[in-house]
Amino acid sequence: MTRPKPEPVQVVKARRDGALRALVAGVPYIGFLGIEFERRGDELTAVLPYDAKLIGNPMLPALHGGVTAAFLEVTAIVELAWASLWEDLEKGRLTPDALAAGHLPRLPKTIDFTVDYLRSGLPRDAYARARINRSGRRYASVHVEAWQDNRARLFAQATGHFLMPGPDVSGPETVPEPGGK
Amino acid sequence: MSEPTGSGSDMAARLTPEARLEMARAFISAIPHAQALGMQLGTMAAGRAEISMPWDERLVGDPHTGVIHGGAVSALMDTCCGAAVICHPATPGGTATLDLRIDYMRPAVPGQRIRARAECYHVTRTVAFVRAWAHDDDDDRPVAAATGAFTLETLPANLEIPA
Numbered sequence: 001m002t003r004p005k006p007e008p009v010q011v012v013k014a015r016r017d018g019a020l021r022a023l024v025a026g027v028p029y030i031g032f033l034g035i036e037f038e039r040r041g042d043e044l045t046a047v048l049p050y051d052a053k054l055i056g057n058p059m060l061p062a063l064h065g066g067v068t069a070a071f072l073e074v075t076a077i078v079e080l081a082w083a084s085l086w087e088d089l090e091k092g093r094l095t096p097d098a099l100a101a102g103h104l105p106r107l108p109k110t111i112d113f114t115v116d117y118l119r120s121g122l123p124r125d126a127y128a129r130a131r132i133n134r135s136g137r138r139y140a141s142v143h144v145e146a147w148q149d150n151r152a153r154l155f156a157q158a159t160g161h162f163l164m165p166g167p168d169v170s171g172p173e174t175v176p177e178p179g180g181k
Numbered sequence: 001m002s003e004p005t006g007s008g009s010d011m012a013a014r015l016t017p018e019a020r021l022e023m024a025r026a027f028i029s030a031i032p033h034a035q036a037l038g039m040q041l042g043t044m045a046a047g048r049a050e051i052s053m054p055w056d057e058r059l060v061g062d063p064h065t066g067v068i069h070g071g072a073v074s075a076l077m078d079t080c081c082g083a084a085v086i087c088h089p090a091t092p093g094g095t096a097t098l099d100l101r102i103d104y105m106r107p108a109v110p111g112q113r114i115r116a117r118a119e120c121y122h123v124t125r126t127v128a129f130v131r132a133w134a135h136d137d138d139d140d141r142p143v144a145a146a147t148g149a150f151t152l153e154t155l156p157a158n159l160e161i162p163a
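Which chain is which? The protein sequence lines are D and Z, in order.
Residue numbers are given in full-length UniProt numbering: position 99 of the first sequence equals residue 99, and the series is strictly consecutive.
Residue numbers are given in full-length UniProt numbering: position 156 of the second sequence equals residue 156, and the series is strictly consecutive.
Derived from the structure by calculation, the hints contain no laboratory data.
Hints may contain errors.
Distance condition first, Cα-Cα at most 20 Å in a straight line; then the derived EDC-like pairs of lysine to aspartate or glutamate [as the list claims (entries may be wrong)]:
#	chain 1	residue 1	chain 2	residue 2
1	D	Lys13	D	Asp51
2	D	Lys53	Z	Glu57
3	D	Lys53	Z	Asp56
Here chain D stands alone, though its shape is the one from the complex (with noise of 0.2 Å):
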């Protein structure tokens, strides 16, 4: 009776961190606006730190309501491609390497995405979760929380849909790609 001896944790944090590193960093809105993912296990944090150019009110302040959108959105998104890259990351099919040298698996595209603003998004960093409430071969559904100072006290929700990349689904449309691949 053997069973294969467990990886050391160095190892498997490596991977895990390394590929949503490579994901993140695949994406140059997620850059512009500054967003960061923080893991535990599978589970993702999306992390919105402040900054002046978040601002859509300057008198009073508040979050700009597209920063919201867009905030909530990317999580939305990030949330489905890790789902979807998770099981063949830890089989070993797909390794951070590979992802970051820019081997990243076609994105989930937005089909339609409503967010309910709760309250005024104060100038303070501000945290998401996606939760997947479906995801089939073609089409999943997806549900979005984000608070600022209590994880009970929401400032926003959304629900989207989203079409997923695959072998015979590309898109709604699709537009020529500049560059080739």
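Fit chain Z to the supplied structure of chain D, relying on the hints for placement.
This is chain Z only, laid out in the frame that chain D set:
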């Protein structure tokens, strides 16, 4: 959603239609995040607004195609809807988003400006209802559509309109 920014009389109601549009233009132009995205204000009329945003590689959401992230399109739509609300003559001049739904019909072609136009088509004493469309260079096939509900906020009487 935001809390009202103070009491005071209905300042916007005392303005002429021209001054009212001027005030709306000044407010939209002073939004830090709209400036960060390079938004440009186009025509504004009673309850209608047009705002465009240039393609920018920092806003790319899909590194494989160079298509702008949906979130940046949301920011454009939200700003344009808010602009349509504050230049509607029956509103007190301040607003915040209650809810916004965006439908993404197709990816915006990389390199092309995205142009949004919004219409505040109904106003009650407390809520404004808005629809918006976004196009790239193709006028016939929209990139995205939005529908939203916005709060109405009275502007403080001592408000300084940004220059």
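_Of all the hints numbered above, which does this structure not satisfy? Sort the numbers upward._
1
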